[in-house]
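Please work from the sequences and hints to get the whole structure.
From first to last, the protein sequence lines are chains E and X. In terms of my numbering, the first sequence opens at residue 1 and continues consecutively. In terms of my numbering, the second sequence opens at residue 1 and continues consecutively.
Heads up, a few of these hints could be off.
[Stated by the list, open to error] Within a straight-line C-alpha distance of at most 30 Å, the following computed BS3-like cross-link-like pairs (lysine-lysine) qualify:
#1 E:K155 / X:K276
#2 E:K444 / E:K77
#3 E:K454 / E:K341
#4 E:K328 / X:K266
#5 E:K415 / E:K444
#6 X:K266 / E:K155
#7 X:K266 / X:K276
#8 E:K328 / E:K341
#9 E:K58 / X:K330
#10 E:K274 / X:K190
#11 X:K190 / E:K155
#12 E:K77 / E:K274
#13 X:K266 / E:K58
[Claimed, not checked] A few chain X residues that face chain E, going by a derived Cβ cut-off under 10 Å, partial list only:
#14 D57
#15 G71
#16 K330
[What the hints assert, rightly or not] Reference excerpt, derived from the structure (chain X facing chain E, CB under 8 Å, subset only):
#17 E48
#18 I52
#19 N58
#20 S72
#21 F93
#22 S98
#23 R231
#24 G372
#25 S383
#26 T404
#27 A406
#28 R410
#29 G443
Simulated from the structure, these hints should not be mistaken for lab results. The beta-carbon is built from N, C-alpha and C at its ideal position, and this holds for glycine as well.
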Amino acid sequence: MSDLIQIAQQTILTPVGLAERDLDRMLGGLTGTGVDAADLYFQSSRLESWVLEDGIIKEGAHTIEQGAGIRVISGEKTGFAYSDELQLPILEEAARAARAITRSGAEQSVRISGVPVPRQLYAPVNPLPTLNEVEKVELLHQLDQEARRQDPRIKEVIVSLVAAHDVVLVAAIDGTLNADVRPLVRLNVHVIAEQGSRREQGSSGGGARESLDYFLQQERGLGYAREAVRQALVNLEAVDAPAGSMPVVLGPGWPGVLLHEAVGHGLEGDFNRKGTSAFSGRIGEQVAADCCTVVDDGTLPGRRGSLTMDDEGTPGQNTVLIENGILKGYMQDKHNARLMKVDSTGNGRRESYAHLPMPRMTNTYMLPGGHDPEEIIASVDRGLFAVNFGGGQVDITSGRFVFSASEAYLIEKGKITRPVKGATLIGNGPESMTRISMVGDDLKLDAGVGVCGKEGQSVPVGVGQPTLKLDELIVGGTEQ
Amino acid sequence: MIDMEQRKAELQQLIGDLLAEARRQGATAAEAAVSSNAGLSLTVRLGETETIEHTRDNGLGVTVYFGHRKGSASSSDLSSQAIRETVEAACNFARYTSEDPCSGLADAELMATDIPDLDLYHPWQQSVDEAIQLATRCEDAARDFDPRIFNSEGASLNSHDGLHVYGNTHGFVAGYPSSRHSLSCAVVGKQDGSMQRDYWYTLSRQADRLDAPDEVGRMAAERTLARLNARTLPTQQAAVLFQADVAVGLLRSFIGAIRGSALYRKASFLLDHMGKPVFPEFVTIHEEPRLPMGLASAAYDNEGVATSNRAFVRRGLLESYVLDSYAARKLDMQTTGNAGGVRNLRINSGELDLTGLLKKMDRGLLVTELMGQGVNMVTGDYSRGAAGFWVEGGEIQYPVEEITIAGNMRDMMMGLLEVGSDVETRSSVQTGSWLIERMMVAGE
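Pasting the structure below:
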């Protein structure tokens, strides 16, 4: 039995008097004719957050969440129930509710057994106490002072720090028993700069599956403060953004949100099983320019989107989605994989025990190409260079996607000239991907701030890309 | 069926225990909220039941004050041990947060004293099988509507009941049960190789006030079909008509800009606009928090402050901010009873329905869908992805997509020509369609 399973049992099951044989028995109760899969998901989470505003520590909050979700699948049908009380009779009641999806069948016995995960991608630490309260408060103050010190035009600074400790245990009637201990920390700085009557904002942050001293290493935290200020000051100088179709160069790192929206969601197994995605039934076809290779990689050590195992107990994997422009595969959870007769790719994720798992991204990025980023900029006569983004959104059926630039510049005659105001960029996923004409050699992953929402569930994700050029994309500015 | 009165008494006792524990651990003041929710969510897809989810959530949250220092904690566990630990965690934070003179409970004299029954609780009376039948009828109506509807994301029925109790050390404690039911449907249409999806839904506190399932399915199908063969537009300035359901978002952005927390952080495009024109003279925006059966109704806000009818905009002038007691103290004002947000907000409507508005616009863009965030609350700069229809001669010509619309919220608000009589009622913020004089539309 792995250490992770032992930790999870001691954290979640032992305090409420549950043992492995109780899980065996509960799973046995979920089996029967017509039941294709069933699992139990136990979770115990602790989350702590701090907010500094106006130069003072304004808020501190602690959240405890604990519960179990029980899922039973028959064909394409799923029954689900959960409880935040972990007493056996209550869990058995929830199991009966979930089991009601199929009404027939005799119980079989189930024996679960732990299999060691191939590789732990992060240490099973509880990040909450890795700095003490005085140190946390000190860190927030330092960042506030660092931001204000950069420029007298900085008028407001908000710093927030979040640390989460998530312990999960999965047991399924296919014999799966697996567990994970997931640390997650995040630090953000948001500033407002004022010049005359004009006010602009800037924000920066980062995070990882690490302990809190991650932010002290390499002056990461201070770096976020400086970066937020830099962005706000750039925006103070920004002129109106252009409107219309034009070449767009995206900087490395966080602009990879392009891939998340333009192709990522459209390649999730559930939409493709149902045939509702613009990418449905297109495996083996060219869906992007030759220079594009896109992967979803849950195996990067310590990354925000990484998973030692997914929420169905499948180890995280590195899945090639698009290789040299050809669609290679979809991201799968167990349910959609079984119905599509393929294997799970370790993308079965859920926001918590109170939500059903579904195929979700981990860290989605494009592999580097051969171009020097400066050469890419120089190739554009008139266009947009976008380096920072807010969120995005996609309609997977039509393929339309948007993402909003928060820091962008005009390119005129091969040179970056002036900063322009934020603008939304809109395109069609499969079309836009074929319009990528140059890929840089400067692959960068984002700093660890991504949150992906799907059907009301939020999960942490990563994105990344090298500098790349789209020959044509619609820029939603105001200047014609 | 759970006895709601008994459950309410239990939760009120829990609030009492939380506050007493906070006092015992040295807090000078405290407030707490407890909620207990249960529900059913199910989806029928292609005529078969796809998911049945039984939901049951408990939660407690406590905020303690040691003078002007504050700490908070919450838990999904309502046991007495969890209460002790949660209060302890909150008190621990209060040792490290800063002295903040604005922090504390709302003033005692503002607590609601009359708490009428607002008729918010109408639990679902039907069985799971009946719920499945409703969703099936809904999806069938959409799928049978037209052969171009070739696929479906399904029809979903959601029904949730909740009990929410709040109390604080002023001696205020109150709670009320509520219910919320909805039926939605999303289908996929195909023509000439291109696919489009759209959806429709109905929402009410009372199940028998939901629109008929066939009607919801038919709307989902019609909306999907109307989008087929959409094209983009040339980049141009144009009049823009935001259909009521998307105009709700504009009204929400306005409310976001007059929220106390945005104002004291100087993070609003409506800073220093009190008493000044923010809309044309015909516009009045008000809230009615005690509307019976309203989707956002409550007799008291999240701090126990009595709610009352209030105008935020009258004859185009900004008349009130949206404040809780903390923001009010920061701004040296009085709370408006809006801790937790606005409740049943309405903008007054004109005479014209959507057809009348299209005629009035004559030529321009009817927006029926917006994509992305794209609203900068600090500057008011607005740039979002859009889909809808191109209009000429007051009539819809063809569907459009892959375009953006851009402008600045302040100009858009002042450039409002008309608010339609076609009010979107499925939201706590209600408005008819908005006709805006001019925006930049970017396309090919």
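Status of each hint after checking the structure:
| no. | hint | result |
| --- | --- | --- |
| 1 | E:K155 / X:K276 | holds (24 Å) |
| 2 | E:K444 / E:K77 | violated (41 Å) |
| 3 | E:K454 / E:K341 | holds (24 Å) |
| 4 | E:K328 / X:K266 | violated (49 Å) |
| 5 | E:K415 / E:K444 | holds (22 Å) |
| 6 | X:K266 / E:K155 | holds (9 Å) |
| 7 | X:K266 / X:K276 | holds (17 Å) |
| 8 | E:K328 / E:K341 | holds (16 Å) |
| 9 | E:K58 / X:K330 | holds (13 Å) |
| 10 | E:K274 / X:K190 | holds (14 Å) |
| 11 | X:K190 / E:K155 | violated (53 Å) |
| 12 | E:K77 / E:K274 | holds (13 Å) |
| 13 | X:K266 / E:K58 | holds (17 Å) |
| 14 | D57 | holds (7 Å) |
| 15 | G71 | holds (5 Å) |
| 16 | K330 | holds (9 Å) |
| 17 | E48 | holds (6 Å) |
| 18 | I52 | holds (5 Å) |
| 19 | N58 | holds (6 Å) |
| 20 | S72 | holds (4 Å) |
| 21 | F93 | holds (3 Å) |
| 22 | S98 | holds (4 Å) |
| 23 | R231 | violated (12 Å) |
| 24 | G372 | holds (4 Å) |
| 25 | S383 | holds (4 Å) |
| 26 | T404 | holds (3 Å) |
| 27 | A406 | holds (5 Å) |
| 28 | R410 | violated (13 Å) |
| 29 | G443 | holds (6 Å) |
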